[in-house]
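Participant: Spelled out from the first residue to the last, the chains are:
Protein chains: 2
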Amino acid sequence: MRAMTMPGTSDRFTSDGTDRDAVTRAVEEAMDDDLDLPELTTLVRSLPAGWVVEVLDRLSSKRRAVLYRLLGKDQALEVFEMLDPTLQGDLVGALQDDDVAALFADLDPDDRVELLDELPAKVARRLLQGLPPQERDLTAGILGYPQRSIGRRMSPEYVAVRPEMTSAEALRRVSAHLDDAETVYTMPVVDDQRVLVGIVSLRDLMRAPVGTPVGEVMQRPDEVRATDDAEEAARRCADLKLLALPVVDNEHRLVGILTVDDALAILESADSEDQARIGGAEPLRRPYLAAPVSTLVRSRVVWLLVLAVGATLTVQVLEVFEATLEQVVTLALFVPLLIGTGGNTGNQAATTVTRALALGDVVPRDLGKVLFREFRVGLSLGVLLGVLAFAVTGLIYGRDIGLVIGLTFVSLCAMAATVGGVMPLLARVVRADPAVFSNPFISTFVDAAGLLIYFGIAKAVLGI
Amino acid sequence: MRAMTMPGTSDRFTSDGTDRDAVTRAVEEAMDDDLDLPELTTLVRSLPAGWVVEVLDRLSSKRRAVLYRLLGKDQALEVFEMLDPTLQGDLVGALQDDDVAALFADLDPDDRVELLDELPAKVARRLLQGLPPQERDLTAGILGYPQRSIGRRMSPEYVAVRPEMTSAEALRRVSAHLDDAETVYTMPVVDDQRVLVGIVSLRDLMRAPVGTPVGEVMQRPDEVRATDDAEEAARRCADLKLLALPVVDNEHRLVGILTVDDALAILESADSEDQARIGGAEPLRRPYLAAPVSTLVRSRVVWLLVLAVGATLTVQVLEVFEATLEQVVTLALFVPLLIGTGGNTGNQAATTVTRALALGDVVPRDLGKVLFREFRVGLSLGVLLGVLAFAVTGLIYGRDIGLVIGLTFVSLCAMAATVGGVMPLLARVVRADPAVFSNPFISTFVDAAGLLIYFGIAKAVLGI
Chain A
1 MRAMTMPGTS DRFTSDGTDR DAVTRAVEEA MDDDLDLPEL TTLVRSLPAG
51 WVVEVLDRLS SKRRAVLYRL LGKDQALEVF EMLDPTLQGD LVGALQDDDV
101 AALFADLDPD DRVELLDELP AKVARRLLQG LPPQERDLTA GILGYPQRSI
151 GRRMSPEYVA VRPEMTSAEA LRRVSAHLDD AETVYTMPVV DDQRVLVGIV
201 SLRDLMRAPV GTPVGEVMQR PDEVRATDDA EEAARRCADL KLLALPVVDN
251 EHRLVGILTV DDALAILESA DSEDQARIGG AEPLRRPYLA APVSTLVRSR
301 VVWLLVLAVG ATLTVQVLEV FEATLEQVVT LALFVPLLIG TGGNTGNQAA
351 TTVTRALALG DVVPRDLGKV LFREFRVGLS LGVLLGVLAF AVTGLIYGRD
401 IGLVIGLTFV SLCAMAATVG GVMPLLARVV RADPAVFSNP FISTFVDAAG
451 LLIYFGIAKA VLGI
Chain B
1 MRAMTMPGTS DRFTSDGTDR DAVTRAVEEA MDDDLDLPEL TTLVRSLPAG
51 WVVEVLDRLS SKRRAVLYRL LGKDQALEVF EMLDPTLQGD LVGALQDDDV
101 AALFADLDPD DRVELLDELP AKVARRLLQG LPPQERDLTA GILGYPQRSI
151 GRRMSPEYVA VRPEMTSAEA LRRVSAHLDD AETVYTMPVV DDQRVLVGIV
201 SLRDLMRAPV GTPVGEVMQR PDEVRATDDA EEAARRCADL KLLALPVVDN
251 EHRLVGILTV DDALAILESA DSEDQARIGG AEPLRRPYLA APVSTLVRSR
301 VVWLLVLAVG ATLTVQVLEV FEATLEQVVT LALFVPLLIG TGGNTGNQAA
351 TTVTRALALG DVVPRDLGKV LFREFRVGLS LGVLLGVLAF AVTGLIYGRD
401 IGLVIGLTFV SLCAMAATVG GVMPLLARVV RADPAVFSNP FISTFVDAAG
451 LLIYFGIAKA VLGI
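Taken in order, these protein sequences are the chains called A and B. Sequential numbering from 1 applies to the first sequence in the numbering used here. Sequential numbering from 1 applies to the second sequence in the numbering used here.
If you are wondering where the hints come from, they were derived from the structure by calculation, not from laboratory data. Note that the Cβ used here is the ideal one computed from N, Cα and C, for glycine as well.
Stretches of chain A that chain B covers, calculated by requiring three or more beta carbons in the stretch to come under 8 Å of a beta carbon on chain B:
| hint | segment |
| --- | --- |
| 1 | 48-58 |
| 2 | 173-185 |
| 3 | 202-211 |
| 4 | 257-264 |
| 5 | 274-285 |
| 6 | 309-315 |
| 7 | 336-347 |
Model the full structure from these sequences, guided by the hints.
Facilitator: Shown next as structure tokens:
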């Protein structure tokens, strides 16, 4: 889609980090000052699309629309294609209907579906109806697959070849589709029922002697089902280091292709989601500076509230032990330290197992293995910290308090690591997002259970 | 490198998730039982390399070596190339010297360097000396770049073309390097000083009329410096949706190429690192089930200890207020709730900003913007939670305690979000890993400062 040709090297636009920074900064400053539109227009039109996207990602939605309207026609399309779907959705509201219809028709079918998901139903319907019939069919095909499935993110614009074709015939087929296919570097091979029987790279086609049948140079295909989870399919494409992965239906008939750049985009947003949830927030779905403060608040307030409500359990547990606290107020001093350590141990385990699940290194049937491993890890950590804590607190607060703290560390860490390690797997079993489910449950459970352990040990050791 | 051809479709090996699961499970069970080696050999030799890697990722290092030795020769190389460098390193210790030398010579130069980093210096030196001279030079070139730079991860095996070549000449050049180049789908265009002047895709070369000079169909190049940070370069490659990104030296001379599959691998391990550190642990660098329990303990104990030592600050703060606690023991009940909420608010902000930094959405010069945003976000969250907390605790524990808790929420959240948002940027400024630096600092500082705020407000409101 990049139609721009280069008039020779220009020193101004070497991709040297400093220069790029300086230029994007200049645009931002020009937007801050009273706008000199003609000058700003000249400046932004001279920039590569990637740089413009970087600037747009940092602006508020009002300013983003202003700057976007200054772009040249081809540049505008190229920039639009590189923007996050959420930002595309924002822009659609701010542009003329005609411009939107033209942009929409120029998008690839898979990108179009992503944008549709961001738009109000009414706008989406109007845009779909405005498409040429063939494009509308391609788009409708993708829209038929469930949310979060790879069918939604694949491209239906592939070049397929047949096993009985010669390499020369296959190359001619490829040459005929240089303009419209999503990729021409990896070709699915199908039989006359459209069943996937192999995969062949352009490199292998070019390398093969002219008369060789495709069947002799093709590879055994890796494939995913259109209804498979998009993240798992993308991870598969990445793990196998493929430039493109064929997508098939239940009868193994080819329906589309997942290219590595789309796989990358899927993985990047999945990783952003996981990180946000490990940190106890909802994913932002747009660049940080482009998100209004109210969006940031909304992405965090629910989790914060859930966690705070869960934490009231600790208030209740402490109330039960209020008499004990009044007797030995020293016990209160260690509450944040112990609670914190329990939470940290649980989070370490949960994060490790959540990541292992995402990477496919661990599957739900490994529950027993994970439980046993995490118990051993937690116990080891508890013993290491407990001995140290016993020595230090014993010296300062006496042997009894030292013993209480030391023993609490041992049991707390073993409990927290086991719970933290097992939660993400249980979440997966009940089909919840491991990162969502684990965090509040672990915080609430480990904190409350930790206090019970602490005061239980304290009462036993101190005899109160 | 995949030489395997396919003898036709085999129903046994459709990539249907269930079948794949069943087969890998069968291999695992065969390893668990008394081994019937010939049968196991037949089974694993019939599997695609990707499936074998999945099984190997789940075995202990001893069993991994046993299974690996059963593989066929070509299969073994293919599998070895797909393994994590750490697991490759483990295997090297368990295999015959001759086998290792052969594997090592067959690796791509960039993969070779990754493996070298995993090996003891003595073994690394011996392997390097065993290489053919040309391969040794290529490898030594990559080894000359700093750790974590993209120069270490790029491939020096590119096909470059000249702007004055015709498209037909360029295609002939490409055809001559089908066997040895890392990619033939994206070609850097260089002048006679080897200075990068453009980039051209195989698709555009094939599309151009026969006599067209390359200079007319090439694009303005995006490029990275060999000394640039590997993660940033990989993110750039992904953001621009490029199949390959040229790598240049300080004089803009071409030295290598970064392909998208290598970029993906870099990003995946960077994201794993970030997630581990957000969860308060060191990255594992090997699949979860393949890591011995002692490795898991080691990856967590240092952070747990650092965080626990930091948390002793809370013990000291509480000691200062021990007299206040003895007067109003009710205050102790809310300590875990308040500490927890402060920590959660700080973590939310830190995680969001850390991710924004990794994605390039925020740069260090945005410090002021981030500070102001996070203060507003924190204040809003604090007011929302504070009002609620005032209402609930006021009802149960009386107006005064309600006021203390409500006001503490407001100031605590504002403080925690600001600190949490700013820390990752400060970490980047002092060139520390934002994820590493933020976590312990925020926990320690926010917990201790939160307690000071809490008791300060309590003393003022309750007049003690």
